[in-house]
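Visitor: Here is how the chains run, residue by residue.
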Amino acid sequence: MSDNEDLELQALQRQLDDAFETTRPRAGFEDDLWSRMQARRPLLARVQDFVAGLLAPVRRVPGAPAAAVAVVLVLAIGIGIISLRGPGGGGGSSATSRESGTAPFAGAATALGAFGRLPAPALQPVPNADTAPKTAGPSGATAGSVVGLYFGPANLVWAGQFNLQVTSAPVYRYAEPTTTTADQFATSLGASPQQGPAAQAGLGSYSGAGFVLGVTGTTPSPLREPFFYLTPDRSTLPAPGPTPTDTANAFLAAHNLVPAWPYVVATVPSADVVRVLYLRQFAVQGVGQTYMVDGVGDRHGLEVDLRGGQPLQAAGPLPVTLDTADYPIISAAQAVKSALASLPAGPASIEPTPTVRLTTVEIVYALAVAGNHSFYEPAFLFSGTFTHNGVTYVKRVLVPAVAA
Amino acid sequence: MRDTSAYDSAVVADRPPFEDLYREFMRRIYAYVRAQVTSSADAEDITAQVFMNAYHAYGRFEPRNTTPAAWLFRIAHNATLDHFRAHGRRERLRRTIEHEPVAEVDPAGVAEERIQYRALLAYVAKLPERQRDAISLRHSGLSFEEVGGLMSCSEDAAKMLYHRALKALRESVQEGTA
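Protein chains in written order, with the working numbering: chain Z, 1 to 404; chain F, 1 to 178.
A hint or two may mislead.
[What the hints assert, rightly or not] Listing some non-contacts, in silico: residues in chain F with all C-beta distances to chain Z over 12 Å:
no.: 1; residue: Ile29
no.: 2; residue: Val33
no.: 3; residue: Ser40
no.: 4; residue: Glu62
no.: 5; residue: Asn65
no.: 6; residue: Thr67
no.: 7; residue: Asn78
no.: 8; residue: Phe84
no.: 9; residue: Arg85
no.: 10; residue: Pro128
no.: 11; residue: Glu129
no.: 12; residue: Arg130
no.: 13; residue: His139
no.: 14; residue: Gly149
no.: 15; residue: Ser152
no.: 16; residue: Asp156
[Stated by the list, open to error] Now the stretches of chain F that chain Z is said to cover, found in silico as 3 or more residues with beta-carbon under 8 Å:
no.: 17; region: 50-57
no.: 18; region: 169-176
[Stated by the list, open to error] Below, a sample of chain F positions facing chain Z; criterion: calculated Cβ distance under 7 Å:
no.: 19; residue: Arg27
no.: 20; residue: Tyr30
no.: 21; residue: Val37
no.: 22; residue: Ala119
Hints are computed from structural coordinates only; laboratory data are not their basis. Glycine included, each C-beta is placed from N, C-alpha and C at the ideal position.
Construct all of the structure, not just a fragment, from the sequences and the given hints.
Guide: As structure tokens, then:
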């Protein structure tokens, strides 16, 4: 078998891994089926199972005081009878539901690899979308004469330096929010559900004093986590601040939308609009703060658009509860090898196939969508530039960092 | 009458609670089934049947003889065969040949499957039955030993079958995108 053929088959195997790993039933199916199975169980079996679930950890602790076991038993029977009402509370599991109580298997996780096998994050450009870089981009690679990003096939060469000192990184998981989550978020901003056709969009549409609000769930295309869109009534806005960032900060603070996560502020002017970006960061021990990127590899977070110095719209990630677990990550050599063997994220649009020298790499976080739960996962973002017909393009390659 | 099904016996012997199995394997089983059938609605029906069957048979599951994965995938394999028998392989082929769209019960469910992989799984679904099974079982996380056990062949034969299937899939994809 030739090296090329071998690489092709390996790439196909990776695609198959991803395809099987990310093929999920519709949202709610997992819970629905579990509920149906629970409903078929007789009450006695459910009580027995619940007690057994609570006793299991006690059995694993040598010399647990008998009195403590007795107390656990009494509590277990009491709690078990009270909580036999469906997948969220019943079933005898040691798993605990978090805030919303809608995800029976959710819970804070800290063990290595505690979420099991993960879907792989990938660049997912939207066909025919404008792929001109919106921000200063990773490592400043998109500055200057760059007019766009290229996702098609390329002959990739690694020409950079890559020293990686870390062997693990956290993965973050969230449960897909429901309309209830969206309603609660809207209520926290002082908004109430809108009536009429707009109310059907996304998870909900709301109106508050001087603004309207839309909330959407996770979308695979364009790749985006649950998002809010707050549009103010521009006739009632206060005077602009001294700088766009001041105005955006004041606007977010007034609506209780200042991000709770770490961020770096960047400002990008475009025609008559100035976009103030709050670029989201995730901490990786041994590396420091790393940026989150979107489906085309641009740094990503919350955005406030200003026109004439006044806010047009704020859009950003819906606050969701994140569980976290550490995962081992691949070595620098493995990352480079994977980058060079990677499949293109988009169709060929430049002939002949360009040769691209990848010169920079950074650890980033990217969204991996997977039905009821999605993940923010560490990845390596490689990039390099090439020129075609006098135009400079950026080629980016995203390599999942988590070791399979 | 005393219940003698899954949960009574789940707390004895070395069996993990059924919930643990469900939690670990539900999505893998769904993905395996989804690679065999043409609609997500069928995949959900079969997956539900698999876990209902497994739930009722859990009392008879003997962990010393087989792994939970092999046990569940055998039930899934049989349930998928039953589905084809019940609905007719011929009808499925006719739909494929005529490109008749298959009704999706829940359009929202479609959106949750990653679009770029659906095409790949569609190619898998068109492979000959044993090749399709070898790829689906292997990429659902089973070892070659487990794949061989489920397909009534040796571990080495399972490896050969898988690699042949992989090459056939690659050719099929290349022809389809050429």
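Visitor: Compare the structure with each hint and give your call.
Guide: Hint-by-hint comparison with the structure:
The claim that Ile29 of chain F lies off the interface is violated: its Cβ sits roughly 10 Å from the closest Cβ of chain Z, which falls inside the 12 Å cut-off. With 12 Å as the threshold on Cβ separation, the claim that Val33 of chain F sits away from chain Z is violated: the shortest Cβ distance comes to roughly 10 Å. Distance check for Ser40 of chain F against chain Z: the nearest CB is about 7 Å away, which does not clear 12 Å, and the non-interface claim fails. Distance to chain Z confirms Glu62 of chain F as a non-interface residue, since its nearest Cβ pair spans about 19 Å, more than 12 Å.
No beta-carbon of chain Z comes within 12 Å of the beta-carbon of Asn65 of chain F; the shortest separation is about 23 Å. With a least beta-carbon separation of about 16 Å from chain Z, Thr67 of chain F lies farther than 12 Å from that chain, consistent with its non-interface assignment. Non-interface status of Asn78 of chain F relative to chain Z is upheld: no Cβ of that chain comes within 12 Å, the nearest being about 18 Å off. In this structure Phe84 of chain F is separated from chain Z by more than 12 Å, as the shortest Cβ-Cβ distance comes to about 19 Å.
A cut-off of 12 Å between C-beta atoms confirms that Arg85 of chain F is not in contact with chain Z; the least separation is 23 Å. No beta-carbon of chain Z is positioned within 12 Å of the beta-carbon of Pro128 of chain F; the least distance is around 17 Å. Distance to chain Z confirms Glu129 of chain F as a non-interface residue, since its nearest Cβ pair spans about 17 Å, more than 12 Å. The beta carbon of Arg130 of chain F is kept farther than 12 Å from every beta carbon of chain Z, the shortest such distance being approximately 17 Å.
The claim that His139 of chain F is not at the interface with chain Z is violated, since a C-beta of that chain comes within 12 Å of its own (minimum 4 Å). Remark: the non-interface label on Gly149 of chain F is consistent with the geometry, its nearest Cβ contact in chain Z lying 19 Å away (cut-off 12 Å). Even its closest Cβ contact with chain Z, about 22 Å, leaves Ser152 of chain F beyond 12 Å, as expected for a residue assigned away from the interface. Look at Asp156 of chain F: its CB is around 18 Å from the nearest CB on chain Z, clear of 12 Å, so calling it non-interface holds up.
For the region 50-57 of chain F, the proposed coverage by chain Z is satisfied: 3 residues have a C-beta within less than 8 Å of a C-beta in that chain, meeting the threshold of three. Here's how the region 169-176 of chain F fares: 3 of its residues keep a CB closer than 8 Å to some CB of chain Z, so the rule of at least three is met and the hint holds. The interface hint given for Arg27 of chain F is met, as the beta carbon of that residue sits about 6 Å from the closest beta carbon of chain Z, less than 7 Å. Among the interface hints, the one on Tyr30 of chain F holds; its C-beta lies about 5 Å from the nearest C-beta in chain Z, closer than the 7 Å criterion.
Violation of the interface hint for Val37 of chain F is found here, the shortest Cβ-Cβ separation to chain Z being roughly 12 Å, above the 7 Å cut-off. Hint on Ala119 of chain F is violated. Least Cβ distance to chain Z is approximately 9 Å, over the 7 Å limit.
Going through the hint list in order, the structure does not satisfy hints 1, 2, 3, 13, 21, 22.
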